[in-house]
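2 protein chains.
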Amino acid sequence: MFDLIQLGQQAKKSAQQLALLSTTRKNELLELMARALLTNKDDILAANQKDLNNARQNGISEVMQDRLRLTGQRVDAMAYGIRQVIQLADPIGEVEKMWKNTDGLLIGRQKVPLGVIGIIYESRPNVTTDAASLCFKTGNAVILRGGKEAFYSNQILVRVLQNALTTAGVCENAIQFVADTSHDVANQMMRLTEYLDVLIPRGGASLIQRVKETATVPVIETGTGNNHIYIDKDAQLEMAINITDNAKTQRPSVCNAAETLLIHEDVAAEFLPKIATKLAEHKVEFHADEKAIVYLPDAIAATKEDWSTEYLDYIMAVKVVASIEEAIAHINRYNTKHSEAIITDNYFASQKFLKEVDAAAVYVNASTRFTDGFVFGFGAEIGISTQKLHARGPMGLEELTSTKYIIYGDGQIRE
Amino acid sequence: MFDLIQLGQQAKKSAQQLALLSTTRKNELLELMARALLTNKDDILAANQKDLNNARQNGISEVMQDRLRLTGQRVDAMAYGIRQVIQLADPIGEVEKMWKNTDGLLIGRQKVPLGVIGIIYESRPNVTTDAASLCFKTGNAVILRGGKEAFYSNQILVRVLQNALTTAGVCENAIQFVADTSHDVANQMMRLTEYLDVLIPRGGASLIQRVKETATVPVIETGTGNNHIYIDKDAQLEMAINITDNAKTQRPSVCNAAETLLIHEDVAAEFLPKIATKLAEHKVEFHADEKAIVYLPDAIAATKEDWSTEYLDYIMAVKVVASIEEAIAHINRYNTKHSEAIITDNYFASQKFLKEVDAAAVYVNASTRFTDGFVFGFGAEIGISTQKLHARGPMGLEELTSTKYIIYGDGQIRE
Numbered sequence: 001m002f003d004l005i006q007l008g009q010q011a012k013k014s015a016q017q018l019a020l021l022s023t024t025r026k027n028e029l030l031e032l033m034a035r036a037l038l039t040n041k042d043d044i045l046a047a048n049q050k051d052l053n054n055a056r057q058n059g060i061s062e063v064m065q066d067r068l069r070l071t072g073q074r075v076d077a078m079a080y081g082i083r084q085v086i087q088l089a090d091p092i093g094e095v096e097k098m099w100k101n102t103d104g105l106l107i108g109r110q111k112v113p114l115g116v117i118g119i120i121y122e123s124r125p126n127v128t129t130d131a132a133s134l135c136f137k138t139g140n141a142v143i144l145r146g147g148k149e150a151f152y153s154n155q156i157l158v159r160v161l162q163n164a165l166t167t168a169g170v171c172e173n174a175i176q177f178v179a180d181t182s183h184d185v186a187n188q189m190m191r192l193t194e195y196l197d198v199l200i201p202r203g204g205a206s207l208i209q210r211v212k213e214t215a216t217v218p219v220i221e222t223g224t225g226n227n228h229i230y231i232d233k234d235a236q237l238e239m240a241i242n243i244t245d246n247a248k249t250q251r252p253s254v255c256n257a258a259e260t261l262l263i264h265e266d267v268a269a270e271f272l273p274k275i276a277t278k279l280a281e282h283k284v285e286f287h288a289d290e291k292a293i294v295y296l297p298d299a300i301a302a303t304k305e306d307w308s309t310e311y312l313d314y315i316m317a318v319k320v321v322a323s324i325e326e327a328i329a330h331i332n333r334y335n336t337k338h339s340e341a342i343i344t345d346n347y348f349a350s351q352k353f354l355k356e357v358d359a360a361a362v363y364v365n366a367s368t369r370f371t372d373g374f375v376f377g378f379g380a381e382i383g384i385s386t387q388k389l390h391a392r393g394p395m396g397l398e399e400l401t402s403t404k405y406i407i408y409g410d411g412q413i414r415e
Numbered sequence: 001m002f003d004l005i006q007l008g009q010q011a012k013k014s015a016q017q018l019a020l021l022s023t024t025r026k027n028e029l030l031e032l033m034a035r036a037l038l039t040n041k042d043d044i045l046a047a048n049q050k051d052l053n054n055a056r057q058n059g060i061s062e063v064m065q066d067r068l069r070l071t072g073q074r075v076d077a078m079a080y081g082i083r084q085v086i087q088l089a090d091p092i093g094e095v096e097k098m099w100k101n102t103d104g105l106l107i108g109r110q111k112v113p114l115g116v117i118g119i120i121y122e123s124r125p126n127v128t129t130d131a132a133s134l135c136f137k138t139g140n141a142v143i144l145r146g147g148k149e150a151f152y153s154n155q156i157l158v159r160v161l162q163n164a165l166t167t168a169g170v171c172e173n174a175i176q177f178v179a180d181t182s183h184d185v186a187n188q189m190m191r192l193t194e195y196l197d198v199l200i201p202r203g204g205a206s207l208i209q210r211v212k213e214t215a216t217v218p219v220i221e222t223g224t225g226n227n228h229i230y231i232d233k234d235a236q237l238e239m240a241i242n243i244t245d246n247a248k249t250q251r252p253s254v255c256n257a258a259e260t261l262l263i264h265e266d267v268a269a270e271f272l273p274k275i276a277t278k279l280a281e282h283k284v285e286f287h288a289d290e291k292a293i294v295y296l297p298d299a300i301a302a303t304k305e306d307w308s309t310e311y312l313d314y315i316m317a318v319k320v321v322a323s324i325e326e327a328i329a330h331i332n333r334y335n336t337k338h339s340e341a342i343i344t345d346n347y348f349a350s351q352k353f354l355k356e357v358d359a360a361a362v363y364v365n366a367s368t369r370f371t372d373g374f375v376f377g378f379g380a381e382i383g384i385s386t387q388k389l390h391a392r393g394p395m396g397l398e399e400l401t402s403t404k405y406i407i408y409g410d411g412q413i414r415e
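Chains as they are written, first to last, in UniProt numbering: chain F, 1 to 415; chain P, 1 to 415.
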């Protein structure tokens, strides 16, 4: 079996060195990594071709093949991504606050790296360089376990980054690769408490569920978004149409897309046919409850499963509600705590929705599609947390840090 | 088997109501709880007597019986503790920062409750009222599972608090009690991911270990402190003696007490005999390595286990080191990431220690005993986190919160 323990030991040791590097040094090394990607482009594309050939042989869909595919341009984009990380402010070392306590101790809370971060992810190879560079910038060692579809691509990408570090003679083991994509090794990784300070799974609902049931390492849950648009009785028609269309169809395969439309009964008759007409441009299929289906003759009757389903496709569940209270109760029961939006002109409805809906991001009169680290202005994103501990919502560099108290005394003892 | 699911469902529902209460309302309810403790003092003491009788029959030590014992004064102190929590600022609702992004969205990060907090704890009944009031103040429902030694005490304390809420007709299920102290039910609680947002274990190393191996609920690890005092070659003799004495003997049974003394070889011959003389006042037993034992004739030879042991007693491991590097390496290998101190007059030694030692609290020239929420000025403490995720070091009210993004738009869609 693959030796995760050795990887863990190496990463832990490397993390101690990495935590002491200056920002300038870390940026120099990141620049070496970016250059190495460009220098080794041919080898990277050759390895990616192996993955693509396997994908074709295994009958993987065209959409998935496209997610997997690297081109010269996409490798350039990876290098550009690393250079963007170089530009970001380094949070490590910042003393968030410092005060003198009643004993005369000067107590400061300082940002420090988390230590060793494990990432289990699926399909897209650019996650490899994104995650590696964000972890490196924040002084964290990382252990990467990608999906089997992108095995050869991920392997060479990590090797290229590692070689850049080895050539520089610094923190060779800061970026580690799990060269085994079996479930057994993934499960072992989820329980590697001795070496991993945190585990971040990035993938679909089944991966997240497996991590939830298996992991004893502290986890930051990410990604699944069963998101709702609630159209209040006081909504503007055109805004309701535009936002629903954007949230559902602008990029349906991502976690901040909307999956269910809730609409107040007072406006259902007027709004639903018009929304249907707009979404028909993308051939959206509606799964509607008995009240909504009256206005959506082409819809399929919704079953209970629809309320919990993250379609990630041109499909939308639709339900007519009698009140904002019913909408909020439905959302809090079925959502995955990701992104939720209300469309309304009513002040009290907007405040109520913001207060009572339990989710990482709650919107008034805007599309759920904005939940994103770049859009929020963090300059980067390692994922979107849907849990309440440590980080919630889009995670940038700040969310990859921990803190420690540094305390300056002059001989104090406790009485 | 005890029905944890029902408890979880009730707590989850109650948490939704509790999250919406104003600070004034929460404070009124806390005051009712404080009064209820005073009104029901006789019943509380009678239940505690049952626990004490059982403890005596089971041959529990006098020290442990004292931890378990309630008196009129101790119940007064519990009520006083709740009134102190009333005085603390309520973090819930605070918008930490708010900004306009490039799309014109106004994005605010707001503090919200975690939801439902599970606490598994041992022996002292005052943890029941402390934890319940801190969770309540921060709008969190709590499920309390205390140790079997304090079963009747904990049960009546929770009942008294619950009755205060029931009488007021608000959030009756915000404080829940697990009336089953079996390991099976505790293990089930550690995996109650559907209902618990976080689990905080408070207890000894074996409990923490069990939680680490079993829990799939997000955990905040607390408590174990294998802490070190490192006496540098440039330390002042008197300060070194006072701080070592304080850290070891002022209250040896708590997690911020020191367990191992590391001393630079240049000052071992002069300092160790004098420290030994001082600590002899408390009959401290030394477990010394071969270099230290030369200066500590009454010491026992240390074994490898000593470096990892949290004695919580008048015992101290002693090791002579050749350099600050050796001291730091020893600490980072064996510590539990709790509290560490260096005694030195040397500027560079102090900076190096602060930078390289991996722990929640790192001290220069002060006793480790200061790691405490009250001492740090937080006004309260639910425990001391020794993990890196979410909270590190003493946890006050702030650490019992999560965040959510509230976003004000005016029709924005993503291009």
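Please note that a few of the clues may not be correct.
Pairs involving identical chains hold if they fit within one copy or between any two copies, as the list cannot separate such chains.
Said to hold, decoys possible - Here are the simulated lysine-lysine pairs, DSBU-like style, with alpha carbons at most 30 Å apart:
1) Lys212 with Lys111
2) Lys274 with Lys352
3) Lys278 with Lys12
4) Lys148 with Lys274
5) Lys97 with Lys355
6) Lys100 with Lys304
7) Lys291 with Lys97
8) Lys148 with Lys233
9) Lys111 with Lys148
10) Lys304 with Lys111
11) Lys212 with Lys274
The hints are simulated quantities; they were obtained by calculation from the structure and are not laboratory data. Remember, predicted model here, so these are calculated numbers, not experimental data.
Cross-check of the supplied hints:
no. : hint               : result
1   : Lys212 with Lys111 : both (28 Å within a copy, 25 Å between copies)
2   : Lys274 with Lys352 : within (27 Å within a copy, 67 Å between copies)
3   : Lys278 with Lys12  : neither (54 Å within a copy, 39 Å between copies)
4   : Lys148 with Lys274 : neither (44 Å within a copy, 63 Å between copies)
5   : Lys97 with Lys355  : both (29 Å within a copy, 17 Å between copies)
6   : Lys100 with Lys304 : neither (57 Å within a copy, 39 Å between copies)
7   : Lys291 with Lys97  : neither (55 Å within a copy, 41 Å between copies)
8   : Lys148 with Lys233 : neither (48 Å within a copy, 54 Å between copies)
9   : Lys111 with Lys148 : neither (35 Å within a copy, 39 Å between copies)
10  : Lys304 with Lys111 : neither (46 Å within a copy, 33 Å between copies)
11  : Lys212 with Lys274 : neither (41 Å within a copy, 54 Å between copies)
When each numbered hint is compared with the structure, violations occur for hints 3, 4, 6, 7, 8, 9, 10, 11.
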